[in-house]
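Chains as they are written, first to last, in the UniProt record's numbering: chain A, 1 to 427; chain B, 1 to 276; chain C, 1 to 371.
Honestly, the hints are just simulated from the structure, not real lab data. Heads up, none of these hints are tricks.
Straight-line C-alpha distance at most 30 Å; calculated DSSO-like pairs for lysine-lysine:
(1) C:LYS247 to A:LYS140
(2) B:LYS145 to A:LYS271
(3) A:LYS271 to A:LYS140
Here are some chain A residues the structure puts well away from chain B; computed CB gaps all over 12 Å:
(4) LEU110
(5) ILE119
(6) ILE127
(7) ASP162
(8) GLU166
(9) LEU194
(10) GLY197
(11) GLY213
(12) GLN290
(13) PHE362
(14) LEU365
(15) VAL389
Facing chain A, a subset of chain B residues (Cβ under 8 Å, in silico):
(16) ILE72
(17) LEU116
(18) MET120
(19) GLU129
(20) SER134
(21) VAL135
(22) GLU147
(23) TRP155
The beta-carbon is built from N, C-alpha and C at its ideal position, and this holds for glycine as well.
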Amino acid sequence: MSTVDTIRGRLDALPDVGLVVGFIGAIWAVMLVLAIAVGGANWANLAAGFVGSVTVLIGGYAILALALNLQWGYTGLFNIGIAGFMAVGAYTTAILTAPTDPAAGAVPGLGLPLWVGLIGGMVMAAIVGGLAALPALRLKADYLAIVTVAFSEIIRLIVNWDGLAEVSLFGVPVGTGGATGISFKSANDVASTLINGVGQPLVTAAEGVGVSGPNLANLTYGILLLLVVAASYWVLARITDSPFGRVLKAIREDETVTQSLGKDTRLFKIKTFMIGCALMGLAGVLFRGQAGYISPQQFRPTITFYVFAALIIGGSGSNTGSIVGAATFSGLLFYLPARLGENISLGGTRAPGNIVDAVAGFASLDPAPLLAYIISNVSTLRFVLIGVVLIYIIQNQPDGLLGHRNEPATSVSLDRPQSGSGGETDE
Amino acid sequence: MSEPEAAPRQETAVTSDAIESPLLEVDGLRKEFGGVVAVDGATFSVAEGSLTGLIGPNGAGKSTTFNCITGIHEPTGGRVTFDGQDITGLAPYTLANRGLVRTFQIARELSEMTVLENVMLAPGGQVGESVLRSVTPGLRSEVIKAEAAVRDRAWETLEFFEIDHLAHENAGNLSGGQRKLLEMARVLMTDPEMILLDEPLAGVNPTLEEKLLERIHELRREQGLTFLLVEHDMDVIMNNCEHIIVMHQGSVLAEGDAETITSDERVLEAYLGGDV
Amino acid sequence: MGIAEFARDGRVVVGERPGAAVVAAVGGFLLLDLVAKLAGTTVFFVGTKLLGGSLTVSSLLSMVVDGLLVGLAVGLAGIGLSMTYSILDFANFAHGDTVTVGAFLGWVAAYITAGLGTGAPIAELFMLNSGRQLSTVSTLAPVLLGLVVAGVGSIGIVLLIDRLTYRPMRDTDNISLLIASIGVALALRYLIAFVFGTETSGVASGGLRVTVFSMISVTDNEITLLVVSVLLMLGVHLLLQRTKLGKAMRAMADNEDLARVTGIPTERVIRLTWILGGGLAGIGGYLLVLESGTISFNFGWILLLLIFAAVIVGGIGSIYGAMAGGILIGLVDSLALIWLPSGLTRASAFLVLIVVLLLRPSGIFGGVSTA
Ligand SMILES: Nc1ncnc2c1ncn2[C@@H]1O[C@H](COP(=O)(O)OP(=O)(O)OP(=O)(O)O)[C@@H](O)[C@H]1O
Ligand SMILES: [Mg+2]
Chain A
1 MSTVDTIRGR LDALPDVGLV VGFIGAIWAV MLVLAIAVGG ANWANLAAGF
51 VGSVTVLIGG YAILALALNL QWGYTGLFNI GIAGFMAVGA YTTAILTAPT
101 DPAAGAVPGL GLPLWVGLIG GMVMAAIVGG LAALPALRLK ADYLAIVTVA
151 FSEIIRLIVN WDGLAEVSLF GVPVGTGGAT GISFKSANDV ASTLINGVGQ
201 PLVTAAEGVG VSGPNLANLT YGILLLLVVA ASYWVLARIT DSPFGRVLKA
251 IREDETVTQS LGKDTRLFKI KTFMIGCALM GLAGVLFRGQ AGYISPQQFR
301 PTITFYVFAA LIIGGSGSNT GSIVGAATFS GLLFYLPARL GENISLGGTR
351 APGNIVDAVA GFASLDPAPL LAYIISNVST LRFVLIGVVL IYIIQNQPDG
401 LLGHRNEPAT SVSLDRPQSG SGGETDE
Chain B
1 MSEPEAAPRQ ETAVTSDAIE SPLLEVDGLR KEFGGVVAVD GATFSVAEGS
51 LTGLIGPNGA GKSTTFNCIT GIHEPTGGRV TFDGQDITGL APYTLANRGL
101 VRTFQIAREL SEMTVLENVM LAPGGQVGES VLRSVTPGLR SEVIKAEAAV
151 RDRAWETLEF FEIDHLAHEN AGNLSGGQRK LLEMARVLMT DPEMILLDEP
201 LAGVNPTLEE KLLERIHELR REQGLTFLLV EHDMDVIMNN CEHIIVMHQG
251 SVLAEGDAET ITSDERVLEA YLGGDV
Chain C
1 MGIAEFARDG RVVVGERPGA AVVAAVGGFL LLDLVAKLAG TTVFFVGTKL
51 LGGSLTVSSL LSMVVDGLLV GLAVGLAGIG LSMTYSILDF ANFAHGDTVT
101 VGAFLGWVAA YITAGLGTGA PIAELFMLNS GRQLSTVSTL APVLLGLVVA
151 GVGSIGIVLL IDRLTYRPMR DTDNISLLIA SIGVALALRY LIAFVFGTET
201 SGVASGGLRV TVFSMISVTD NEITLLVVSV LLMLGVHLLL QRTKLGKAMR
251 AMADNEDLAR VTGIPTERVI RLTWILGGGL AGIGGYLLVL ESGTISFNFG
301 WILLLLIFAA VIVGGIGSIY GAMAGGILIG LVDSLALIWL PSGLTRASAF
351 LVLIVVLLLR PSGIFGGVST A
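Given these sequences and hints, build the entire structure.
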């Protein structure tokens with residue numbers, strides 16, 4: 001029995017909530033240990049910073065992975081335009097909520113409340129997703145991939161274009177801010193309000209052990225984001241554990257058969273695409289726009305591939321796997337290496353400025369410069385690691401951590417009904 | 001794109017007025033793949049409530065005819081009428097919802113779904129196929145009720161086809177014969193009016209085959225279902241079908257009851273010619 | 001063909017292929033607009049500018065030359081993408097980074113040989129940041145050496161990658177292969193970043209500027225790109241037409257079904273595919289840097305969608321299509337500036353890609369075989 005099987009066996013034994021909580025808890029624990037190890041007297045503040053940042057990452061990638069799981073894991077729609085749909089949602093929210101009287105040099109918006117902006121962003125992302133889907137959904141998976149990634153780049157180029165940086169819409173000045181980006185009402189304010197309001201006693205306690213205000217706000221934001229993940233999970237689980245979800249799975253398996261059984265598959269695919277894109281739009285603003293500021297740089301196609309990595313690690317086809325994968329990816333592959341690289345020092349050896357000098361030291365049998373160089377470039381090397389992990393998983397464990405689980409798409413228990421009682425449910 | 005004129009009718013074909021009340025009428029059906037003419041002006045009809053056999057040597061165009069009738073392929077020419085309405089070129093799901101369904105010659109199970117899921121997918125118009133109903137708290141109870149009913153029926157169907165012990169198995173793990181049964185179970189769950197069966201008995205054991213045929217007759221008697229059956233086992237066709245259509249090289253060669261067909265020289269020739 | 005017939009055909013097109021009709025209408029409008037611009041006239045319609053403006057013939061020509069040059073390099077790089085797409089049946093998202101790898105290997109070789117003896121520290125030379133700008137006339141031998149190293153080096157890299165990544169996956173579905181290639185792309189790109197850093201380096205600039213037809217001005221580096229790509233394309237043509245292996249490859253690239261039935265691709269053909277495709281990609285990248293003057297760790301990745309556009313426009317599997325598609329996309333990317341603001345020209349190439357995939361997935365040359 002291989003290690004992977006052992007891990008799987010253990011994971012299978014846990015209920016889903018326990019699984020997710022356990023995973024995230026373990027990652028928090030790792031961060032805490034790291035903070036204690038390197039933080040000295042400042043460990044509490046450092047821990048709050050680490051845990052907060054990793055939680056925001058986990059939350060963001062979990063929402064994205066859940067959305068992608070609906071589209072690709074369930075329905076087989078290979079959408080690699082995630083960054084574009086995130087941009088549509090984020091920019092819509094930004095334009096709706098940016099202040100009408102911005103700071104000098106910034107673009108004005110419509111000044112609407114945040115919740116209007118969030119709903120508007122999701123609706124717009126869904127509409128754009130639907131419009132993109134209409135012609136594209138009949139394409140083969142790999143063509144759909146190319147169309148969606150090209151589409152997402154077009155969106156990025158359009159929001160980057162200075163022609164739309166500030167325009168007059170029916171006499172109202174609005175715009176994308178072009179390459180400079182746009183500032184708007186951030187969901188971070190909700191976190192700050194919480195901290196300064198009901199959370200005041202907590203703040204005092206935290207400050208007592210040295211946690212800074214911004215770190216506490218960040219941590220609060222991360223936890224709020226996890227609540228959004230929980231809500232998304234709840235909605236998606238209900239969507240997938242239903243006859244609707246059954247049709248989606250069937251489309252993934254064999255669209256012709258599904259049609260032959262009376263399902264208008266096109267309609268199902270468009271709906272699915274729209275729901276997924278709405279969620280991606282939401283993640284676009286909550287995740288990328290945490291600081292109340294977005295720019296086109298934040299919506300490059302690479303983020304799409306990170307979401308794929310997260311979902312594939314967790315197991316495409318499983319909602320729980322999406323979250324576990326997002327946690328593993330953002331905690332262990334994305335965040336941890338960078339922090340390790342920053343905080344490990346090699347007893348006084350300063351990292352050489354380039355690889356030639358690093359290797360030169362190696363030639364004179366001194367590995368320290370090369371090691372130091374590697375450590376100081378860990379944040380670059382982690383992407384190599386992500387690439388290698390992706391290849392390894394797709395070659396050896398294509399089901400990821402949880403994708404092998406059979407999660408039947410139904411809203412009732414599927415056990416054989418006992419003669420006489422046919423209506424029992426699991427709710 | 002200009003469509004070729006509908007192919008001339010085969011002189012030999014018996015025209016549809018031979019049948020009292022046709023449910024399905026196929027008129028001058030034609031299908032080309034590149035240069036290959038797979039169906040070449042096939043014309044026949046199937047009486048309501050009948051069990052009609054469709055036979056012919058390999059490559060005669062039987063499966064392609066099924067594909068054209070059920071909207072899998074767009075016919076190059078000709079007309080298909082179902083229940084008095086022109087259905088030529090309609091999408092498969094439209095036809096299925098009107099009660100015209102089919103099974104596939106090479107079973108197409110949904111392999112990464114369980115047997116039970118495969119069967120539960122089939123019933124039409126399930127309330128839970130609406131996202132809103134599945135998600136919204138108050139409305140979901142309705143979905144759950146409907147699901148329970150679908151599940152119970154699915155179990156019954158699986159029991160009948162004797163694959164209930166495989167209910168939680170992924171369909172991809174089934175044997176060839178079991179997949180055929182799954183296909184049958186699935187189409188029956190759609191509450192159809194007419195079923196086109198493309199070699200449903202291949203790989204099914206003889207006892208079960210007997211039971212299946214019995215069931216087909218029962219469904220005809222009790223629910224008035226209509227069947228069009230492609231089958232290579234001549235005994236099955238001759239003993240069960242009151243009307244038999246023989247296809248050869250894309251068109252209908254002969255039509256009639258078992259006696260007419262067996263005594264038709266051209267049929268014998270077609271089969272011999274095809275086999276040599 | 002009479003006018004009536006032409007008009008009827010037109011109606012048939014509009015009726016049966018509305019997408020094609022829209023494309024034709026847009027194309028016609030742009031052409032009309034171009035003519036008006038060249039003539040320096042502006043046409044107004046109910047007070048708003050409908051078309052026209054002004055554009056000099058020489059600026060048009062220089063855009064054409066730019067587009068052509070980029071297009072040739074993209075076309076070279078596209079050959080490999082097109083071949084792996086049809087022979088191994090997957091969209092290789094690592095192809096852009098192969099372009100980068102080849103370019104870096106070639107430029108390091110060129111830079112070091114050109115810098116030997118000048119007293120420049122080896123680290124600076126290796127990191128491509130001694131500030132020296134190479135050109136074909138001033139440093140012919142290093143530039144040519146770099147060209148060879150770019151080709152040979154990228155061949156070595158793709159063969160290694162195939163061995164480690166794709167070969168164990170020969171029987172897997174094309175989406176798994178695509179995902180694996182995304183992993184390869186990430187790993188390659190950031191390995192380059194690890195070694196060379198993420199800064200953009202200027203490494204080349206034209207050493208000589210010549211004016212042809214007293215209107216078009218090109219540099220020696222641009223002429224090198226032109227000559228080398230045309231020669232390589234000719235070479236590929238000869239290889240495909242004259243050698244047995246080349247013919248087998250063409251047959252397979254053109255006809256996936258045939259390939260499947262006859263049981264090829266054999267490992268031999270696959271290896272040749274990588275060798276040819278990888279080598280041309282590396283050289284294409286090297287030449288692009290020669291032309292643009294700068295190199296950075298992600299330029300190939302940024303170029304990837306453009307290469308995809310070339311391949312799809314030319315028809316996947318068609319080697320000549322990739323070359324023609326490259327030139328076409330290069331021209332679209334450059335000429336779009338006539339109608340679009342500079343920030344959006346790249347979008348037009350992507351739009352062409354999407355439109356072709358939706359309306360004519362077999363490419364605009366319509367699956368005409370490469371024979
Ligand atoms: N998709 C297709 N593309 C090209 N040719 C096809 C296609 N489908 C069927 N054909 C050809 O059409 C002809 C009729 O095939 P079809 O499958 O309809 O025959 P059949 O009567 O069902 O034969 P069998 O008894 O072997 O199932 C054959 O020559 C076949 O090769
Ligand atoms: Mg058949």
